[in-house]
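Just so you know, the sequences run in chain order A and B.
Take 1 as the starting number for the first sequence in our numbering and just add one per residue.
Take 1 as the starting number for the second sequence in our numbering and just add one per residue.
Calculated from the structure, these hints are not laboratory results.
All residues carry an ideal CB built from backbone N, CA and C; glycine is no exception.
Wrong hints could be hidden among the right ones.
Pairwise CB distance ranges (calculated) [stated by the list, open to error]:
| no. | chain 1 | residue 1 | chain 2 | residue 2 | range |
| --- | --- | --- | --- | --- | --- |
| 1 | B | P17 | A | V12 | 24 to 32 Å |
| 2 | B | H19 | A | H10 | 30 to 38 Å |
| 3 | A | E41 | B | T79 | 47 to 55 Å |
| 4 | A | V12 | B | N56 | 26 to 34 Å |
| 5 | B | K3 | A | R14 | 36 to 44 Å |
| 6 | B | Q42 | A | R14 | 24 to 32 Å |
| 7 | A | I54 | B | L51 | 43 to 51 Å |
| 8 | B | T72 | A | G3 | 22 to 30 Å |
The list that follows gives simulated cross-link-like pairs (lysine-lysine, DSS-like), each with its CA atoms no further than 30 Å apart [stated by the list, open to error]:
| no. | chain 1 | residue 1 | chain 2 | residue 2 |
| --- | --- | --- | --- | --- |
| 9 | A | K27 | A | K51 |
| 10 | A | K62 | B | K69 |
| 11 | A | K27 | B | K69 |
| 12 | B | K3 | A | K44 |
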Amino acid sequence: NAGVMQNPRHLVRRRGQEARLRCSPMKGHSHVYWYRQLPEEGLKFMVYLQKENIIDESGMPKERFSAEFPKEGPSILRIQQVVRGDSAAYFCASSPGEDPPTNEQFFGPGTRLTVL
Amino acid sequence: DAKTTQPNSMESNEEEPVHLPCNHSTISGTDYIHWYRQLPSQGPEYVIHGLTSNVNNRMASLAIAEDRKSSTLILHRATLRDAAVYYCILRDTLYFGNEKLTFGTGTRLTIIP
């Protein structure tokens, strides 16, 4: 059973370009979470999605960032007009969605975004 | 979210037990105590969780104080592969939709060969 997959693993963008990060949850998981880890800082929650629904986006920056989890295909975190401060590791996690506050979240290896 | 307090760093000798403490004096009755760890250059991974009773699994043990204001993650025989940042996290079971993990600064565990 493959784990959570993220691609690309490394992404380099110039200021003003768009970054698109993909996350494929574990098989059978319907809940996806995105977290960001800035250099030398802790992990911060960004957004929680279920299929076709955003459940909690309280950690998402108000501008330039968006996320989706369509009925078919991976979850996408999109960052428009990237700035140097967006350089970070972005982690995706998934969970089955049953008994949500107690079940574990399975994390992917992350996408390391570098903005030049 | 209820707050947790952990030492910034700890060291332990290889093949010895490690006790990682966590204080959560404002814990509520519906908060579960979760532990995750993050190995260098990897995503976090789940270690263990509990509510009131002590818990054991293949990775570790979790000892929870009787008043639940503190807990201790126990690695019974540390190896070099256990070197990581360990996070103690409280998760509220009361509200559906509140599934996010709130990571603090964690404890950076160094294993000495």
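Status of each hint after checking the structure:
{"no.": "1", "hint": "B:P17 with A:V12: 24 to 32 Å", "verdict": "violated, 43 Å"}
{"no.": "2", "hint": "B:H19 with A:H10: 30 to 38 Å", "verdict": "holds, 37 Å"}
{"no.": "3", "hint": "A:E41 with B:T79: 47 to 55 Å", "verdict": "violated, 28 Å"}
{"no.": "4", "hint": "A:V12 with B:N56: 26 to 34 Å", "verdict": "violated, 44 Å"}
{"no.": "5", "hint": "B:K3 with A:R14: 36 to 44 Å", "verdict": "holds, 39 Å"}
{"no.": "6", "hint": "B:Q42 with A:R14: 24 to 32 Å", "verdict": "holds, 28 Å"}
{"no.": "7", "hint": "A:I54 with B:L51: 43 to 51 Å", "verdict": "violated, 29 Å"}
{"no.": "8", "hint": "B:T72 with A:G3: 22 to 30 Å", "verdict": "holds, 29 Å"}
{"no.": "9", "hint": "A:K27 with A:K51", "verdict": "holds, 13 Å"}
{"no.": "10", "hint": "A:K62 with B:K69", "verdict": "violated, 36 Å"}
{"no.": "11", "hint": "A:K27 with B:K69", "verdict": "violated, 37 Å"}
{"no.": "12", "hint": "B:K3 with A:K44", "verdict": "holds, 15 Å"}
Checked against the numbered hints given earlier, the structure breaks hints 1, 3, 4, 7, 10, 11 and satisfies all the rest.
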